[in-house]
Each structure stands twice: as structure tokens, then as C-alpha cells.
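As given, the protein sequences belong to chains A and B, one line each in that order.
Per this note's numbering, the first sequence starts with residue 1, numbered consecutively.
Per this note's numbering, the second sequence starts with residue 1, numbered consecutively.
Any given hint could be a false lead.
Any copy, or any two copies together, can satisfy a pair, since identical chains are not distinguished.
Unchecked claim - No more than 25 Å apart at the CA atoms, straight line, and that leaves these computed lysine to any residue pairs for SDA-like:
| id | residue 1 | residue 2 |
| --- | --- | --- |
| 1 | K79 | D30 |
| 2 | K248 | G287 |
| 3 | K78 | P163 |
| 4 | K248 | L234 |
| 5 | K190 | L249 |
| 6 | K182 | Y51 |
| 7 | K77 | N135 |
| 8 | K235 | S132 |
These are computed hints drawn from the structure, not numbers from a lab.
Number of protein chains: 2
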Amino acid sequence: MKIALDAMGGDFAPAVTVEGAVETVNELPDTEVVLAGDEPALLRELSSKKYPQGRISIVHATEVVGMEEPPLQAVRKKKDSSLRRAVEMVKAGQADAAVSAGNSGAMMALALFLLGRSEGVERPAIATEMPSFENPFLLLDAGANVDCSAENVLQFALMGQRPRVGLLSRGEEPSKGNELTKEAFKLLEKSSVNFIGNIESRAVFLGHADVVVCDGFVGNIFLKTSEGLAEVVLKMIRREIGASRVGKLGYLLMKSGIRNFKKKTDYDEYGGAPLLGIRGTCFISHGRSSPKAIKNALTKAAEFARTRAHEAISAEIREYHASGKTPVAG
Amino acid sequence: MKIALDAMGGDFAPAVTVEGAVETVNELPDTEVVLAGDEPALLRELSSKKYPQGRISIVHATEVVGMEEPPLQAVRKKKDSSLRRAVEMVKAGQADAAVSAGNSGAMMALALFLLGRSEGVERPAIATEMPSFENPFLLLDAGANVDCSAENVLQFALMGQRPRVGLLSRGEEPSKGNELTKEAFKLLEKSSVNFIGNIESRAVFLGHADVVVCDGFVGNIFLKTSEGLAEVVLKMIRREIGASRVGKLGYLLMKSGIRNFKKKTDYDEYGGAPLLGIRGTCFISHGRSSPKAIKNALTKAAEFARTRAHEAISAEIREYHASGKTPVAG
Numbered sequence: 001m002k003i004a005l006d007a008m009g010g011d012f013a014p015a016v017t018v019e020g021a022v023e024t025v026n027e028l029p030d031t032e033v034v035l036a037g038d039e040p041a042l043l044r045e046l047s048s049k050k051y052p053q054g055r056i057s058i059v060h061a062t063e064v065v066g067m068e069e070p071p072l073q074a075v076r077k078k079k080d081s082s083l084r085r086a087v088e089m090v091k092a093g094q095a096d097a098a099v100s101a102g103n104s105g106a107m108m109a110l111a112l113f114l115l116g117r118s119e120g121v122e123r124p125a126i127a128t129e130m131p132s133f134e135n136p137f138l139l140l141d142a143g144a145n146v147d148c149s150a151e152n153v154l155q156f157a158l159m160g161q162r163p164r165v166g167l168l169s170r171g172e173e174p175s176k177g178n179e180l181t182k183e184a185f186k187l188l189e190k191s192s193v194n195f196i197g198n199i200e201s202r203a204v205f206l207g208h209a210d211v212v213v214c215d216g217f218v219g220n221i222f223l224k225t226s227e228g229l230a231e232v233v234l235k236m237i238r239r240e241i242g243a244s245r246v247g248k249l250g251y252l253l254m255k256s257g258i259r260n261f262k263k264k265t266d267y268d269e270y271g272g273a274p275l276l277g278i279r280g281t282c283f284i285s286h287g288r289s290s291p292k293a294i295k296n297a298l299t300k301a302a303e304f305a306r307t308r309a310h311e312a313i314s315a316e317i318r319e320y321h322a323s324g325k326t327p328v329a330g
Numbered sequence: 001m002k003i004a005l006d007a008m009g010g011d012f013a014p015a016v017t018v019e020g021a022v023e024t025v026n027e028l029p030d031t032e033v034v035l036a037g038d039e040p041a042l043l044r045e046l047s048s049k050k051y052p053q054g055r056i057s058i059v060h061a062t063e064v065v066g067m068e069e070p071p072l073q074a075v076r077k078k079k080d081s082s083l084r085r086a087v088e089m090v091k092a093g094q095a096d097a098a099v100s101a102g103n104s105g106a107m108m109a110l111a112l113f114l115l116g117r118s119e120g121v122e123r124p125a126i127a128t129e130m131p132s133f134e135n136p137f138l139l140l141d142a143g144a145n146v147d148c149s150a151e152n153v154l155q156f157a158l159m160g161q162r163p164r165v166g167l168l169s170r171g172e173e174p175s176k177g178n179e180l181t182k183e184a185f186k187l188l189e190k191s192s193v194n195f196i197g198n199i200e201s202r203a204v205f206l207g208h209a210d211v212v213v214c215d216g217f218v219g220n221i222f223l224k225t226s227e228g229l230a231e232v233v234l235k236m237i238r239r240e241i242g243a244s245r246v247g248k249l250g251y252l253l254m255k256s257g258i259r260n261f262k263k264k265t266d267y268d269e270y271g272g273a274p275l276l277g278i279r280g281t282c283f284i285s286h287g288r289s290s291p292k293a294i295k296n297a298l299t300k301a302a303e304f305a306r307t308r309a310h311e312a313i314s315a316e317i318r319e320y321h322a323s324g325k326t327p328v329a330g
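Full structure from sequences and hints, please.
Laid out in C-alpha cells, this is it:
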């Protein structure tokens, strides 16, 4: 598998992206990484690294899309951005997947513009894997579409491709929720999806669903609230414990346990999230990604491309449309 | 202060509500509690308790509003519910505030029906106090209004009555968000509110805002995600730590630190949340409230009524309307 990496994307690029690429080719025997970005800067980063010859290459790009740049502007004005180069390689069949830790909105826009939507898909979504007390679950949409229709939410469920789909809401009864979730509930109930009904956050974290669907604004609030709270909870526990000598000793003894917990909930471990509903494989990774997170995103993208997962998703959507289950108007 | 308590509301009523009332009158010298509910059941609960004579009384009610009952049905059909009796006492001037750990939607509906909205308020909101790494912050709306307008969100900010108001969104720039938050951003910017802009969950938990506003669906997701995750994080840490003997010892040594952390983040400590924008003082408390949570809700409600906080909120809204800052149409 050959993965194109936007080597200039993310808060710590290109140092972290190059390091992630090097770790990937050192660990995965059958993977190549193409770094898209400023060639002199990338050569400098690579010069001190050890990796199998020929498994990392560079495609020069003169521009970088800023983290806060409006996506459409990035598409229209930055014709030579590292992000665009990475996606273009997928379009041209020169890479099996593209990965970026940069501007996720811009990547979605470029993926839509260059690769296009899968047949029948109205809105591609970001599918983020998150840990629970039991197995991880998939959250979608995690932020691509801030204003969604009920039909969009149903498609997210179809694209999720896992059993036990829950609709994130504010109570378990069908009547609990806003206009969007009430309408989406009806569509999900009638669909072929294994729909378990509305689900609240607590049940999500206990592992009661494999896929959690919602509009991208709510999904992003859910994701960021989880990440932010987990970070602050650990900070608060450390502060409380630091206040006593006995507590400090206890913390030292617990360290490996806390490390295991962190490992299981660490964003780095989850690495990247695919854009689902795109004709091709594109993964986004957190702006604050570490080399390990980049490596995990590259690894996941390679796996996703190898299993041709995006084709399975297209088939699912086609089947839904063919079944004649046309959505009920709101 | 005389507080009317819906003694039949909540998952563990009336045992927990009566115990909470008893603790309240034993601790607060100038407070009376009126228990609304099934008199024989309440007398049974009270028979074994010690408390100052005359400080707890009973108003008999034959019906109970179920936790999942549709609010309008509760208003129309249950004319003799304990919840209704409690709110009616506020209306009749027989109590300074009403508190319920029961159906929050039904309490909002009854408060609107019996007491009415404060002048100029479009939608009353639930204002929940939550802990952060620094000071607590107020989240509103925490769940009363699932579909809101930008003007509603602005009013939530005015009702919050604290400095540093943030708009919960998916990025800090004004352009980040959905249609509602983009419009609310414009209104907040022009208003008299000390608006600090969009805020993401992480910054909220670090204590960067005193008031966090959003629509009630998103607010409820934020609240439940925080509660659910905090619970599951502790569960996961305990599981990881229980896996090693040294870790277990460490946990024992850390116990007081963990206890302090829990105390600071415990829902029980925050107790109750006022309905803001109502002509009168009504507090809702978690369905799973402990006696301590009930006591804290009663105590907060008494304080809220004593300082006539709802009148200050009405004044704020009146002033906003008088200033001629009429909202800009979307």
C-alpha cells in the first residue's frame, strides 16, 4: 500500500509527520509513504532518519493550508498545497489513500472536489473511533456537517457498517430529542440498520452501541467534550493527590495503571478518522497528533484501502436505495 | 424561607426526598419545608426522623407525575400531582420556592402554566452549575428547549447574570459552528453581555468562562457527556489499577485525593438547577438525587428566593429590550 501524507499539515509539521512516516515504514513491511510538502524542509527532516531505502518519497508542494483557513478558500486559491497534492495522488491512482493532520474541513472540501461522493451518498461524514468501558465505538458524524437532515443521519448509520447503531439523544424514548433526532429515529427504525434506539452519553461510554450517529455539530461537541473532560479529570485528580505526601506515593504506585488507562483512551492510539462516503480513502488526524498518532493514522488508512472499505460502504448505500425504502418527508 | 418539595419526585422518592428535607431543617435554622405528596406515605417516612417541630409540614397530593410522562399530559391530566401542588404553593404565595427531582420537562411546563414567563423572556432555561479546573461555570440551557433561536440563546446569556459568557461551539472563530451559533454569535457580540466568543469544551473545563450558552439539546448532550464520562473514567481507572497489587495499594493511599476530586465534581454537591425566566423560584434536581443532593437543592432554592434572583433576571431582560437592541433577523 502507498499512502500520501500531507507532510505540512498539523500543529507540529513537518517534524512530527516525517517522524510518523519513518516509524510507519520501519514497522510495516509492505507500506510506502509519499510525503507531500516543501521538499527542502522534508529532506532536512529525513536526513537524520534511518528507514528502508525507497519506501519514503517526496512530492513537492509550495503552499500550506492553514488550520483555520476557510475550506472553500483552500480549494479555490491554494492550487499547490501539500494537502491538495496528497488528495490528487489518490485521484490519479498514484496513492491508495491520503492522510492529513491539517485542516479537516479543507480536506473534506478537497476530497469532495477531487474525488467526489460515493454514489447515493448525500453528505460524507467523519467517522471517529472512540474508547468505551467495553469495546470502542464509532462516532459519526464527528464534525464534517454542522447542519444535517434526518436522511443524512440515516446514511451515517448505513456508512457505519457495524452492528448496534444508536442515535445520540437526550433520553431513550423516541419522543426525547429535537426535531432532527425525532425524524431520524423514524427513518432508522424503518431501515435495514440494526437500530437500538436513542442512546445517552453514559450508555455510549459503557459500550452499549457500536456506532453512534448524530449531526456533525453535536458529534463534534460530544467528541471535544469527551477529550477535554478526560484531560481535565486527570489534571484534577493529580492536583488533589499532589496535595498530600501519602497521595503522591499512591500515585507513583498507580502509575502503570494510569498509563494503561491513558493508553486505552489516548487519542494517539486511535490515530485517524476516515472520511466516509468519498470515492477513495482519506483519513484525517488530530492537529496535535504525535508521531505515533500519525503512524496509527497511516496504518489504519492502509488497512482501510486494502480492504476496500469505501466500496463496501457504497454498496450499502446502493442497496438501501434499491430496497425502495425512500425516506419519509419531515 | 419556606420551600415546597415535590416529595414524590425522583427515582428514590419519597425516602430520599424526606431524608433530604429533614437534613435541611436540621442544618438551616430559618428554613421550612412543605412536602407535597401522599400523606400516609410521607408520615410513615417522617415517623422515625428527628427534626425541629413545625418546620416540616405536608400538603396531600393523590397523584405522581412519572419520570417519562409527556409534560403536557402531566399538566392537563394530573391536576392533583405532588409536582403541581409544589408549584401551586409558589403561585399562591404559600412557599418561596418549589423543588423537584422528578420530571424536569413537566416541572417546566407547570411553571410556565401556573407562574408564567418573566416579562420579555421568550424561553425559560435550565441553568446547571458545573465544576471546572478553576471556578464552577453555569451551563444554560441544560435541556429545557431542544430547538432554539439565536434570540433565545442571547436571552440565556442575559439570564446567566455572570461575567465572561462563552458560546459553546466547535471552534473559536465566529465562522465555526452551525447556523444557530453563527447567528447567536452576532447577537451576543452586539449585546451588553461580556461575550468572550465561541468556546470549546476543553476551555470550558479549564474554567475560561463563567457562563456557557447553547441550545438545550446541545446543552443536555454536553451535561450528560460530562457526567457519563467522569463516571466511566473513574471506573476504567479502578479497573486498570485493580489489575496489579501495587496499583491497589496505590489506590488506597490516594483515596482521600480521589474523594476530594469526587466531592468537587459530584452532582450531589451542585444539587439543583434553577429554571431561569420564570415568575417565581423553581429548582429541578437529578432523578437519581441522594438526600444530600435534595438538601443542597433546597438550600440553593432558599438562597435564590432570598436574594430575589429571578427579579434581577427580569430586570436584565427589560433593560435589554429598553436599550432598543432589537435582534437582527437571521
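Outcome of the hint check:
With identical chains, the CA atoms of K79 and D30 are never at most 25 Å apart, being 31 Å at best within one copy and 72 Å at best between copies. With identical chains, the CA atoms of K248 and G287 are never at most 25 Å apart, being 33 Å at best within one copy and 36 Å at best between copies. Taking the shortest alpha-carbon separations for K78 and P163, neither the intra-copy value of 41 Å nor the inter-copy value of 41 Å comes in at or below 25 Å. For the homomeric pair K248 and L234, the shortest alpha-carbon distances inside one copy (14 Å) and between copies (18 Å) are both at most 25 Å.
In this assembly of identical chains, the alpha carbons of K190 and L249 never lie at most 25 Å apart, being 56 Å within a copy and 52 Å across copies at closest. When the C-alpha separation of K182 and Y51 is checked against a cutoff of 25 Å, the pair qualifies neither within a copy, at 53 Å, nor between copies, at 47 Å. Within a single copy, K77 and N135 get their C-alpha atoms no closer than 43 Å, and across copies no closer than 44 Å, so neither meets the 25 Å cut-off. Proximity of K235 to S132 under the C-alpha cut-off of 25 Å is found in both arrangements, the shortest distances being 20 Å within a copy and 11 Å between copies.
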